[in-house]
Amino acid sequence: EDQVTQSPEALRLQEGESSSLNCSYTVSGLRGLFWYRQDPGKGPEFLFTLYSAGEEKEKERLKATLTKKESFLHITAPKPEDSATYLCAVHPTGGFKTIFGAGTRLFVKA
Amino acid sequence: GAVVSQHPSRVICKSGTSVKIECRSLDFQATTMFWYRQFPKQSLMLMATSNEGSKATYEQGVEKDKFLINHASLTLSTLTVTSAHPEDSSFYICSARGTRATDTQYFGPGTRLTVL
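Protein sequences appear in the order of chains W and R.
Numbering follows the working numbering, with no gaps: position 48 of the first sequence is 124.
Numbering follows the working numbering, with no gaps: position 84 of the second sequence is 1034.
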């Protein structure tokens, strides 16, 4: 069964304290892996799409990497405005649906 | 990035009435649109998937007659909550994906429905 697991469920960081969020996935084949950011009361905001193992993408303080079994979202020197829920999702081959993880709630304290 | 709009952003209605939520892809053609429901501090729950011109595919446990989905064009999908009850109060979010299977899924800003 296709599955996406994110860890940790919640992460509390001090401003400037770099860390990583994990997304482990089990799919028969991968069309794409996506990272989103969601603020309370808003729809998810697209961050990155990764298609193959070894691929990396960066945007400001965020960097996403992909292996055959997991993806990491690295946050370098986070700021309080980076506080949000980060969602990982995979689109398996052979289907319409995208499978979402439960998310990691990130809190960055000034 | 691609833009998906939702209207209304917030709606309050009386129990027993119907509410329609619109989802539009503003700058791309969306072959597939998705409707999600989200409860406080929980992840997205997929309700249904719709392809333009076809009937929607509902997830297990989602009532087709209560949540009517129409995907009339490549830029518009609507969700109608019929005979709404307080338990239907929730945050509803739509998303749209382009014409290629590898296209990214973009989300609307969500609609907060409160049924009194």
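Because the hints were derived from the structure by calculation, they are not lab data.
We put the beta carbon where it would ideally sit given N, CA and C, even for glycine.
Do not take every clue at face value.
As a list, the in silico DSBU-like pairs of lysine-lysine whose alpha-carbon atoms are at most 30 Å apart [said to hold, decoys possible]:
no., chain 1, residue 1, chain 2, residue 2
1, R, K964, W, K185
2, W, K139, W, K118
3, R, K991, W, K139
4, W, K145, W, K155
5, W, K118, R, K1014
6, R, K970, R, K1014
7, R, K1005, W, K135
8, R, K964, W, K133
9, W, K135, W, K173
10, W, K185, W, K173
11, W, K145, W, K173
12, W, K173, W, K118
13, W, K135, R, K970
14, R, K1005, R, K1016
15, R, K1005, W, K133
16, W, K145, R, K970
17, R, K1014, R, K964
18, R, K1005, R, K970
19, W, K139, R, K1014
20, W, K173, R, K1005
21, W, K155, W, K135
22, W, K118, W, K135
23, W, K155, R, K991
24, R, K991, W, K133
25, R, K1005, W, K118
26, W, K185, W, K139
27, R, K991, W, K145
28, W, K173, R, K964
29, R, K1016, R, K964
30, W, K173, W, K155
31, W, K133, R, K1016
32, R, K1014, W, K185
Which residues of chain W face chain R? A few of them, derived with a C-beta cut under 8 Å, are [stated by the list, open to error]:
no., residue
33, F110
34, R113
35, A129
36, K133
37, T152
38, T174
39, A178
40, G179
Decide if the proposed pair is consistent with the structure: R/K1005 and R/K970, CA atoms, cutoff 30 Å inclusive. Since the Cα atoms of R/K1005 and R/K970 sit roughly 17 Å apart, the hinted pair holds (cutoff 30 Å).
Distance restraint between W/K133 and R/K1016, which requires alpha-carbon spacing of 30 Å or less: violated (41 Å)
Distance restraint between W/K185 and W/K173, which requires alpha-carbon spacing of 30 Å or less: violated (36 Å)
Given the proposed pairing of W/K173 with R/K964, does the C-alpha separation stay at or below 30 Å? Violated: W/K173 and R/K964 sit about 33 Å apart, past 30 Å.
Should the hint that W/T152 touches chain R count as held when the rule is a Cβ pair under 8 Å? violated (22 Å)
Under the criterion that the straight-line Cα-Cα distance not exceed 30 Å, is the pair W/K173, W/K118 satisfied? Within the cut-off at roughly 21 Å; holds.
For a C-alpha distance cap of 30 Å, please report whether R/K964 and W/K133 respect it. This hinted pair is violated, its Cα atoms lying about 47 Å apart.
Holds or violated: W/K173 and W/K155, Cα atoms, limit 30 Å. violated (33 Å)
Hint check, W/T174 versus chain R [nearest Cβ-Cβ separation less than 8 Å]: holds (5 Å)
Against chain R, is W/A129 within 8 Å by beta-carbon distance? With a minimum Cβ separation of about 16 Å from chain R (threshold 8 Å), the hint on W/A129 is violated.
Does the alpha-carbon distance linking W/K145 and W/K173 stay inside the 30 Å limit? holds (19 Å)
Assess, step by step, whether the Cα of W/K185 is no farther than 30 Å from the Cα of W/K139, and give holds or violated. Between W/K185 and W/K139 the Cα gap is close to 20 Å, so the pair holds against 30 Å.
Going down the numbered hints, you'll see the structure goes against 1, 7, 8, 10, 13, 15, 16, 19, 28, 30, 31, 32, 34, 35, 36 and 37, while the others check out.
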